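Visitor: Following the hints, position chain B against chain A.
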Amino acid sequence: MSIFADAATRLVIQGITGREGSFHARQMIEYGTKVVAGVTPGKGGQTFEATVPVFNTVADAVRETGANTAVIYVPPMGAAAAVIESADAGIPLVVCITEGIPVMHMSRAMPFVRSRGVRLIGPNCPGLITPGTRTKVGIIPGNICTAGRVGLVSRSGTLTYEVVNHLTRNGLGQSTCVGIGGDPIIGTNFIDCLAAFQDDPDTDAIVMIGEIGGTDEQNAAAFVKEQVTKPVVGFIAGQTAPKGRRMGHAGAIISGSSGTAEEKLAAFEAAGIAIMRRPADVVGLLQRKAQSTKGVTSRK
Amino acid sequence: MNLHEYQARTLLKAVGIPMFDGDVASTPTEAEAIARRIGGTVVIKAQVHAGGRGKAGGVKLARNPAEAADEAAQILGMTIKGLTVHKVLVVPAAEIATESYVGLIMDRETQRPLFMVSSAGGVDIEEVAAKTPEKIVRLPVDPTYGLFPHQALSLAFVLYRDFAQVKAAAGIMEQLHRAFVDNGASLAEINPLVTTPDGRVLALDAKVVIDDNELFWRPDLGVLRDDSAEEPSEAAARRANLSFIKLDGDVGCVVNGAGLAMATMDLVKYYGGEPANFLDIGGSSSPEKVINALKIITADPHVKAILFNIFGGITRTDDVANGIVAATRQFKVNVPVVIRLTGTNEAEAIRILNEVGMPALSDMDEAVQRVVQLARAAA
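Going down the list, the sequences are from chains A and B. Okay, so the first sequence: first residue is 339 according to my numbering, each after it adds one. Okay, so the second sequence: first residue is 13 according to my numbering, each after it adds one.
Since the hints were made in silico from the structure, they are not lab data. Take these hints with a grain of salt, some might be off.
[Stated by the list, open to error] Think about it this way: if two alpha-carbon atoms lie no more than 35 Å apart in a straight line, the pair counts; the simulated DSBU-like pairs of lysine-lysine are:
1. B:K72 - A:K581
2. A:K581 - B:K143
3. A:K372 - A:K568
4. B:K219 - B:K179
5. A:K568 - B:K281
6. B:K307 - A:K581
7. B:K25 - A:K581
8. A:K581 - B:K147
9. A:K563 - B:K143
10. A:K581 - B:K219
11. B:K93 - A:K581
12. B:K67 - A:K581
13. A:K581 - B:K281
14. B:K147 - A:K563
Small disclaimer: the values here were computed from a predicted structure and weren't measured.
Excised from the complex, chain A in its bound form:
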C-alpha cells in the first residue's frame, strides 16, 4: 500500500526543539504521523508539546520508544553527524531534510550508512508522505495529498507539490510521494524508488520528476526499460538552464555535455517513459497510460 513509510512507522525527530524541527513536528503530528520521540542533546527529559518525550541521544530514544524511522532537522554543520548517529543507533530508515550540508561531510557519512544497511533519504529533500496511512516524514504539505495508487519520486520540493496538486485535483491519489533531494550525494536515488514502487502491490503507475545535472535520471531510464512493467510518466526541470551554472540545488548543474535536459529526455523517450512537457501534463498522460493498460490507476 506504500513504500518506506506506513502505519508501522514510529518516528523520532532529531532537532525537535529547534525552529524548523518544532514547526514541522507539529505538522507531522497533526497529519497523523506516529511521532514517538524527539532528540536534542542537553534537553533529555523534557516533553515536546506535552506529548512527545525528548531524549539526549537517538540510542536512548530507540531503547525507550522503539522508534524505527528518524527525520533530521539539524543545522547543516551537524546534520551529517546526526545521520551517522541514527544509523549507529540501528534506525533502518533515516530521512535528512537539512539543506546546505558540505558535500565532503556526506561523502564521509555514506560508507558508514551503507555499512549499517541503513536507507538514507536526502539530504536536502522534502521527505516522504503516504496519504493512505496518514504518515508524513518531512515537510510535504499534507493537505495537497490524497490516498490513491500513483507513486511519485522527485528531486525537487515545491515542484513536487505542484505536480501532486494536479494529481489530487483530478482525482489521482498517491500511494507514496518521495522527495530524494537536490544534492550531489544522496542516500536514495531514482532507481531505489522505482524498484520499490514496482514491487508495491498498491502502486499502479509512477511519476518521476528529475532535473538537470548528473546521470541519475539516465540510469533510472535504463532501469525502467529493463525492470519496470508499470506505466511511468517523467518530467525534467531546467530545459532553459545555461551550462555551468548551479540552478539553486547543488546538484542542478550542467557540466560539459553531461546532465542536460535533452540528454535526459532522450533517455526517457528510449525507455518508453511518457514525457511531461509541463507539470500540468501529468494528468492527461497518466489517464492515457491507464487506458492503454486497462484502467489500472482507476482501480481503488
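Guide: Here is chain B on its own, set in the frame of chain A:
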C-alpha cells in the same frame, strides 16, 4: 565558488606542491617588478572566471620587465566574456618537456573524491574524456581511509617512467588530495602538470572550486570570493540570501524552490517567452526577501513583465503578498506584475493583494501565459 588561478596556486603551494615562481599584480608597475624579480621572459595571465582567456587576448608573453608593464597595461581593465580583468598573474615562460593532467573531483556516482589522471595534458580534459576516454585513468578514494601511498604511486606510474619523477608525482597526488579535503573542494585540478628538460615535476596551472556549503563555517575561504568577478546583480542577490542567475530574456521570475523555479522558466519558454532570470526565494520567505528580489529584477532594464510563482508549503503565501505590497510602497514598479500563489494561507494572501487592487491567480499555466503576453505587448 570558483577561485582565481592565483588563489588556487596559493592553496596548492600551502600543501607543498612545487610550482614555478610567480605573483599576482593589480597594476602595470607591480607586474613590472614581478617580471624583474623572476628575470627572463614571463607570461602575463588575466585573472577572470572565464574560459578561453588566451583567445580573448588575456594571456601574453613579455620578454623583459618593460614589456611586462606594457602587456599588463593592455590586459588590466579589458573585458573577457563580460567580466573586467582586475588582476594579472605573472609567471616565468618555462621550458617544458611533457604535459600531463591531474584532477580530483567530488564524484556523485561513486560518492567519493575521484582522481583523474592522463598523460594527455594541457588540453581540454573534457574533450579527451569524450573522444579518448581510455587515456584517462580514474581512481575513487575511500573517504574513510584517504589516499593510500600505493594508490598515489600507481597514479604517478600512469604519467611517468623515470622513477624519480614517479616519486615526485606521487607526492603531488597526496598533496593535492590533502588540499582537496582540507579546503572542502568540489574540484582541484593541475593542468598541466609538467616536467622540465632538467627532469623536475611542477604544477604549471591550478584550478580549485570550493563547495559553497563549506563557506558558512570557513570564513578563511569565504574571503577569497571576488565580487567584482561576478555579474553585479548576482552578487547583490547572494548578499540578500537569494539564489539568482541572470539570463537574457524579458520575463522576470520570482519563485520559491529551485525545481519549481526551473520549471517556471521552462514554462515561460514553452509559451513563447524568454525568462530574464532564475530566482529562488527559498523556503521561509520573509517580506524582506521579496522586496530584495523585486529590487534586483526591476534593476534589469530588459525586464518587461514580472511573474511571481509561489507554491506555499513552508513558505507562507501571505508573507509573500505582504512583501509585494511593501515593495510597491517603497519603490515604483514600472512593469506589469502577474502573481500566482497557492497553498499555505492562500485566502489571506489574496485578501492582502486585492486590498491594494492587485489580482492573484491560482493556476501556473494561466499565470505564465498572461505574463508572456504582457511582456510581448510591452516589447
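Visitor: All hints, please: hold or fail.
Guide: For each hint, the structure was consulted:
Restraint check: the Cα-Cα separation between K72 (chain B) and K581 (chain A) comes to about 28 Å, which is no more than 35 Å; the hinted pair holds. Between K581 (chain A) and K143 (chain B) the alpha-carbon distance is near 20 Å, which keeps this suggested pair within the 35 Å criterion. As the CA atoms of K372 (chain A) and K568 (chain A) are separated by approximately 31 Å, the hinted pair is consistent with the 35 Å bound. Under the criterion of a C-alpha separation no larger than 35 Å, the hint pairing K219 (chain B) with K179 (chain B) is consistent with the structure, at around 23 Å.
As the CA atoms of K568 (chain A) and K281 (chain B) are separated by approximately 31 Å, the hinted pair is consistent with the 35 Å bound. The straight-line distance between the Cα atoms of K307 (chain B) and K581 (chain A) is roughly 26 Å, inside the 35 Å bound, and the hint therefore holds. Taking the CA atoms of K25 (chain B) and K581 (chain A), the gap is about 31 Å. The hint holds against a cut of 35 Å. Between K581 (chain A) and K147 (chain B), the direct Cα distance comes to roughly 25 Å. Compliance with the 35 Å bound is thereby established for this hinted pair.
A C-alpha spacing of about 27 Å is found between K563 (chain A) and K143 (chain B), which places the hinted pair at or below 35 Å, so the restraint holds. Note on K581 (chain A) and K219 (chain B): the hinted pairing holds, with a Cα-Cα distance of about 18 Å set against a maximum of 35 Å. Annotation: proposed proximity of K93 (chain B) to K581 (chain A) holds, straight-line Cα distance about 15 Å (limit 35 Å). A threshold of 35 Å between alpha carbons decides the hint, and for K67 (chain B) with K581 (chain A) the separation of about 20 Å falls inside it, so the pair holds.
With a CA separation close to 17 Å, the supplied pair K581 (chain A) and K281 (chain B) stays within the 35 Å bound. For the hint pairing K147 (chain B) with K563 (chain A), the CA-to-CA distance comes to about 31 Å; that is within 35 Å, so the pair holds.
The structure is consistent with each of the numbered hints, conforming to all of them.
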